[in-house]
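Kindly produce the complete structure, drawing on both the sequences and the hints.
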Amino acid sequence: MTALLEAGGIGCTVGGRELLADVDLAVHAGEILALLGPNGAGKSTLLSVLAGDRRPDRGEVRIDGRPLAAYRPAELARRRALLPQTHEVSFPFPAAEVVRMGRAPWTGRCSAAEDEAAVARATTATDCAHLAGRPFTALSGGERARVALARVLAQDTALLLLDEPTAALDLRHQELVLRIARERADAGRGVVVVLHDLTLAAAHADRIALLDAGRTVATGSTREVLDAELLGRVYRHPVEVLAHPRGGAPIVLPERPRGAD
Amino acid sequence: MTTAAPPERPAPVREEEPVRDRRPLLLAALTVALLACALLAAGTGAYAIPLGDLLASLAHRAHLGGHALERVPESVLWNVRLPRVVLALLVGAALGCAGALTQGVFGNPLAEPAVIGVSSGGAVGAVACIVLGLDALGSWTVTAAAFASGLLTVGAVYALSRSGGRTEVVTLLLTGVAVNAFCGALIGLLLFTADTAAISQVTFWQLGSLSQAGWTKVLAVLPFAALGLAVAPRYARRLDLLALGERPARHLGVDVERMRIVLVTAVALLTAAAVAVSGVIGFVGLVVPHLLRMLAGPGHRFLLPASAVGGALVLVAGDLAARTLAAPAELPLGVLTAFIGSPFFFWLLRRTRRRQGGWA
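Line by line, the protein sequences give chains A and B. Position one of the first sequence corresponds to residue 188 (the numbering used here), numbered consecutively onward. Position one of the second sequence corresponds to residue -11 (the numbering used here), numbered consecutively onward.
Everything labelled a hint here was simulated from the structure, so no lab data went into it. Since we're looking at a predicted model, the values are computed, not measured. Heads up, a few of these hints could be off.
As the list claims (entries may be wrong) - Among the chain A residues that face chain B by a calculated CB cut under 7 Å, a handful are: (1) Asp240; (2) Pro260; (3) Ala264; (4) Leu269; (5) Glu275; (6) Met288; (7) Ala291; (8) Pro292; (9) Trp293; (10) Gly295; (11) Cys297; (12) Leu363; (13) His431.
Said to hold, decoys possible - Partner residues aside, some chain B positions facing chain A, computed with beta carbon under 10 Å: (14) Phe94; (15) Asn96; (16) Glu156; (17) Leu161; (18) Ala218; (19) Pro221; (20) Arg225; (21) Leu229; (22) Leu230; (23) Arg235; (24) Arg238; (25) His239; (26) Gly241; (27) Leu279; (28) Arg281; (29) Gly287.
We treat Cβ as the ideally placed atom computed from N, Cα and C, and that holds for glycine.
Below you can see the structure in the form of structure tokens.
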């Protein structure tokens, strides 16, 4: 497998506090890598380092074998897209226009028909064709999240970084988002997704990187990483890992005090 | 590279954007209104010039037939009216475009060029010249000082708010607030030491007026206004992307920091040039882009040129009103625009609240 993205020895220090220390990570074509970890573990910081927003104090990130710093912004925009956690648009652009903004890096490199096709695919896949004419600012939280995802999909990059894409979504749309991630991975893209729902990660990810206090404490297949003892230690709360009665995918549940029965 | 084809055929994106079709029409209507208003303004005044004579004289000078007028109307038209109309047009276009750019760069519909200190900085230079009696450049001293100190102030605001190669918008705006307050204090200090004649001259300058118009002033503004107006549309698409936020814009390949330096410079040039020749004329840069955004959506490819044309229209009409409403006296143009602009802005505010539950 070819590595789309490689990060080696990443370290970030802000105000004397180590946000990331010695993080190694590789994302391959065709896989979904889930970034898990408790609040403040450094997931979003790591994602912004991978996206090139934040220059790490130590270590280096390479995309297609080339260091991030060697890319011009527009070149990078044709290779990786990032879905942020929050979705704000300063002026009331119609949702369709917001999705079309995802095509900006391809201006002059794609025909109008290719642009429209990518926009139409992204809009249909995220179930937001009916929102096209509405101003983004008038949409609900879940609708905004889907339009923002459509914009990122329309960008049509080999590497997709999703920061908590399921946070604002209902059950159906959570599954929809991860199914889209799966389709992209199956088509040869690489997907990195930050998640809080461990069961969701278990069901959809190929590999998991578990972060705690800025370090990767485990990287591996879902079954390797989703270990009750390890998770209990990292999340500082005892958990149970069950096997799904059909297929055996791990289900992670926090241990709860039982009521008197 | 392979593409991810979804299992089902994608449905076409439904277009529900009736506003889109309105844009070219609106821009054309604004341009026609501007031309009509400019002709009206050129013919109206203490010495009325009929439209036929006006067109004949214009054609004559452009070597397209027509004929020269008698000595007096020809002189009134070419030495008094036309330079004033053209100056109003340039200043209005500069202020309107600078307003749209500022709102776009800061992603905030309430931003106007004054927030980065260009107006108050310009005023400090002008007031210092008047009060201290500086006249190194003769009658141009006030204009040149206003322009230079306006640019200098923007540069200072930008440099002060920069840290680690990046500028945060909030820091930039707050620095602007502090620098504006400092400039206000400087002006106050200068006025405190000034004599009565200087105070009345300063007051008049600050009210904003085009009564000192002439072809030389037009030529002084023209290069800066032209430069700013030419640069702005090149950034229209990138300003749309910036509406997503700085990080998403960067992810889409926009060099945000560079774009901001270029556009803040453009805003500074446009506004400083306008302030230098006309004093402080408020609310044009704030209200015109707002109104156009409401009429035809926030896309900057329309908004930037339309704000320039709209700003020009407002100032040509405003200046016509300023010199005819209380004739033979002349109202200060800045007072007039703020007098009409602020209640209008208030109305926009209420209307937007009613329609969308707040600014967006």
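Under the constraints set out in the numbered hints, which ones does this structure not fulfil?
9, 10, 11, 12, 13, 16, 17, 18, 19 and 27
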